[in-house]
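Since the structure of chain C is already known, use the hints to place chain R on it.
First to last, the sequence lines map onto chains C and R.
In terms of the working numbering, the first sequence opens at residue 185 and continues consecutively.
In terms of the working numbering, the second sequence opens at residue -18 and continues consecutively.
Treat the hints as calculated values from the structure; they're not laboratory data.
Fair warning: this is a prediction, and the values are worked out from it, not measured in the lab.
Don't take each hint at face value.
These stretches of chain C come out as covered by chain R in the derived footprint (C-beta under 8 Å, 3 or more residues) [said to hold, decoys possible]:
1) 247 to 256
2) 331 to 338
3) 341 to 348
4) 422 to 430
We put the CB at the ideal spot given by N, CA and C, even for glycine.
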Amino acid sequence: MARTPHAPVAASGDVAPAGLDLAVTAPRQRVLRRLVRRPAGIVGSVLTGMFVLVGLFGPALAPYDPFAVVGPSLAPPSWPHPMGTDALGRDLFSGIVAGARTSLLVAGLVGLMVLAIGLVVGTLSSWWGGWVDDSLMRLTELFQVLPRFFLAVVVIAYFGPGLSLLIVMLGLTSWTLLARVVRAEVLSIKEREFVEAARVAGASSTRLVLREVLPNALPAMSAFLGLVLAQVLLIEASLGFIGLGDPNLVSWGYLASQAQRFLRVAWWMSVFPGLAIAVAVLGFNLLSDAVTDVLGSSR
Amino acid sequence: MTFGYVGWRLLQVVPTAAAILLIGFLLIHLAPGDPVVALAGQNGDAEYYAFIRDKFGLDEPLPEQLATYASRVVQADLGTSYLQGRPVATIIAERIPATLLLSVTALVLSSVAGVALGSLAASRPHGLVDVASTGATLAVYAAPVFWLGQLAILGLAAGLGWFPVQGMTSPRSDATGLAAALDVAHHLALPALVLASQEIAAVFRLTRVGLLDELGSDHVRTARAKGLSARRVLVKHALRRPLVPVVTVIGGRAGHLLSGAIVTEIVFGWPGLGRLLLSSLQTRDTPVVLGIFLVVAFFVILANVGTDLTYRWLDPRVRYR
Chain C
185 MARTPHAPVA ASGDVAPAGL DLAVTAPRQR VLRRLVRRPA GIVGSVLTGM FVLVGLFGPA
245 LAPYDPFAVV GPSLAPPSWP HPMGTDALGR DLFSGIVAGA RTSLLVAGLV GLMVLAIGLV
305 VGTLSSWWGG WVDDSLMRLT ELFQVLPRFF LAVVVIAYFG PGLSLLIVML GLTSWTLLAR
365 VVRAEVLSIK EREFVEAARV AGASSTRLVL REVLPNALPA MSAFLGLVLA QVLLIEASLG
425 FIGLGDPNLV SWGYLASQAQ RFLRVAWWMS VFPGLAIAVA VLGFNLLSDA VTDVLGSSR
Chain R
-18 MTFGYVGWRL LQVVPTAAAI LLIGFLLIHL APGDPVVALA GQNGDAEYYA FIRDKFGLDE
42 PLPEQLATYA SRVVQADLGT SYLQGRPVAT IIAERIPATL LLSVTALVLS SVAGVALGSL
102 AASRPHGLVD VASTGATLAV YAAPVFWLGQ LAILGLAAGL GWFPVQGMTS PRSDATGLAA
162 ALDVAHHLAL PALVLASQEI AAVFRLTRVG LLDELGSDHV RTARAKGLSA RRVLVKHALR
222 RPLVPVVTVI GGRAGHLLSG AIVTEIVFGW PGLGRLLLSS LQTRDTPVVL GIFLVVAFFV
282 ILANVGTDLT YRWLDPRVRY R
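Bound-form chain R, shown alone:
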C-alpha cells in the first residue's frame, strides 16, 4: 500500500465532511420556528430578543452564520450551548466515554462471538449448532434493537433480577476502584449484549458462508491431507480469506452501530450521546444537536476510510482507481 493512496483517501474526507456539515447546518436552520423564541420564551420584550440574537450571532445572514460556524468547526470549536452556556465540545466530550464504552464493548463482543459461532457452524454444516445458530441469527437480525432490549429487561433484569434495569452505575453507591469498575461492567453487560446481537448476526452469516466456500477449496484439502488437526486447518488456513469481508462489514456498519447505540441508551437509561441528543432536541439546543450530528458523521466517515485501508492492506489484490 503506497503512501500516495492513503493520503488521497484521507484527502477525500475533507469534501465529504464539508458536504455533511452543509447539509446538517442548512436543514436545521431552514426548519420552521424562530430559535430566539425557543430560547427566550414567547413573551420576551424586543430588546431582550435583540440581545439574544446578537449574543449568538443569529442576526447575521445565513451564509455568514454558516461561514462563521464552519471556520470554528475547523478549529474544533462547536460553539456554545444555548441552554447551558458551556462549550458544546466540552458537553459532548463528557458524554462520549459512555457511548464509546458501550459501542466498543459491543463491537469486540460481536466480532469475537460472530467469528467463533460462524466457524463452529461451518465446521459441521447442517449440524445442530449450525441449524440453531442460523435460525437464531435470522430472528435476531429481524428484531428491532429496542425490542431486544425490552425483552432482555423483561427476562434477565426485571424478571430474573440478574442485571440492573437502568443506568450505568448503582445509585447512591460510593464504591471506588475495582468495585466501581465491576459495578459499571454489571450495568454494561445487557446493553452491550443487546447492541452486539445484530452485529453478531451479520458477522456470523458472513463468516459461515465464507468458511463453507473455503473449506471445499484445494489449499484446505491439502492442509488436511498433510495431517493437520481440524482446528489448525480452520484457524491457520481456512479462516484467513473469509475474514477479509468480515472486517469490511464490521467497519461499514459503524453508522448502524451508533444509531443502535442511541436507541439502546434510551432503553437502558445509559448516559451517553443518545440521551444528550434527545434532551437537546426537546429543548431545541441547536448547537448541541448540530455538534452531535457532526461528531457522529465524522466518526462514520473515518470508520469507512479506515475500513477501506484495512481491506486494501489485508488483500493487496484490491486496487482502487
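Just chain C, with the same shape it has in the complex:
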C-alpha cells in the first residue's frame, strides 16, 4: 500500500509522476469494492443513496406543496395520500419529501463545515506538534464537553430560528471527533516511507500534507464523518421537534412534533416522519460501520 523509498519520485517542480497518483488512488478503489461486498455496506449505501436522491429530486416530484391544504384533515393513509394528512389537511407524503431536502441541506453543509474545521485543526496540531498541538487539543476538549444540544437550543431560541443559524451552530460544535481522527491519522502516516521519500525529493510541507498525507487519511475520515452526520441528523430532528427548526421549511422533526397532540387519533403523523429520520440515520451508521470494517481488515 505504501510506496517504497525506491519508487520514482517527483523529479522537477510540482508535476507529480503518474505512479504517485496511482499509489494514492489504488487503495481507495479497493476500499469501495470491498465495501459493496458487505451486507452493511450494501444496505447503508442504498439507504444513504435513497436519502440523497429524495432530497435532491423529491420536491420536484412530490404530488403537493407541503404547506398546501389539499385533503380532509387527519385522513389515514390512502391512495391519494399514501402517508395520510395532518390536522390541517396537508399531505404528509409531500411533507416527508420536503423534509428530506431540509435534512440533506443540514447534513451536507454541516458535513462540509465539520470536515473543514476538523481537517485544519487536526492537520495543524499533528504536523506542527508542540504548543500548537497542545493548545488546539485543549480547545478540542473544551468543545467536546460543551453540551451542544443545550447550546443550540438556547442560541436558536434567543437569536430566532433559522436554517443558517442551525447549520452554523451544529457545524461549530460537531467537529471534535473529526479533528481527533485527522490528527491520529496524520501522526501515523507522516512517519511512513513514502512521505519520507517525497520529503527527501524536496516536496514542501504544504505539498506533503495535501498530496501525500491527507489522501491516505480520507477513508478513516469518511468512516467517522458518517457517524457525525448521523448524530447531526438526530440533533436537527430534536431541535425541529421542540419547535426550533426553520419556520419556513418543513423538517422531519417539525412533522413529528405536530403528531404529539394527535397521537391517539392519527398514528401516521408520528410513524412516517420518525421512520424517515431512522432510515436516513441508519444509512449513515451502516455505511460508516462498513467502512470501518473494511479499513480494519485491510490493516
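Quick look at chain R alone, frame taken from chain C:
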C-alpha cells in the same frame, strides 16, 4: 493512581467551566432584543424601564455584568428569576430530582441491560439472540428519542393502556408512602425505558465486540480448560477487560443522556429541567436559562472527569501526560 493526578485533573475543571460560562453568557447577552422589553412589555414608560434596568443590573456595561455574574456563580448564586422573583438556584433545585430520577433510572437500566444482552449475544455468536439483538439495537440506535417515545405511547400507553401517557404522578391522587412511590414508578417506566434504549444499544455493541475478542484469548481458553462452567468463565474471566471501555462510554455519554432527557420530558410531560428550560425560553427568563445551561455543563464536565479517573483506576496501564 496518585493524588497528584486526581488533583491536576480536578484543577482542569476550573478553566473549562470558566470558558463555558463565558460562552453561554456572551451568546445570550449578544442576542438581539432588549431584555427589558421582554420583562416590562412594549409600552412601559421610561421611568419603569429604568427601574427594571437598575433592579437587575442591566444598566451596567457587559463586562461588569459578566464579572458580577461570575463572582456570584462561584458562590452558588445563580441570580434571581425575572419572572418569578425567586432565586434561580432554588427554582432549578426543585426540578433536578425529577430529571435525576429519570436519568439515573435510565443509566442503571441501560448499563445492566446492555451488558447482559451483550454477553448473551457474544456467548453464542450468530445465534438467534445475537442476530435479533444486533438488529434491534441498530434500529433503536438510529431512531430519534422523541419518536421512540411516541411509539411507546402509541403502543403501550394509549394503545394497550398499560402505562400512563403523561406526567409523573396521577392527577388528583392523594396516595402517600408506598402507594405514591408505586404511582411514580408506574409513570417512570416508559420514559426511562425510552431514554435508556439508545444507551442500551451503545453499551450492547461495545460489550458484544469486546467479549467476542476476549472469548478467543488465551486466558479464557485456559479458564475453560480448567473445567470452569461457561457462566463462570464469562463473568469472572472474560467480562473484565471489555467492561473498561463500557464504563468510559457510559460516562462519556452524560451530555447525550441529558439532552435525551430533555426531549423525553417533553414527550411524556415529565416535570423536570427540560420543561423548565423550554418554558423559560418562551418567557425569555434569561437567569433561569443561563442557570440551567451552566448546571448541565458543569454536570457533563464532572461526568467526564469522573470517567477519566475511573478509567485510570480500572486500567492502571493507562497513563496520561
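Results for each hint:
no. : hint       : result
1   : 247 to 256 : violated (count 0)
2   : 331 to 338 : holds (count 7)
3   : 341 to 348 : holds (count 4)
4   : 422 to 430 : holds (count 3)
Hint 1 from the earlier list is the only one contradicted by this structure; the remaining hints agree with it.
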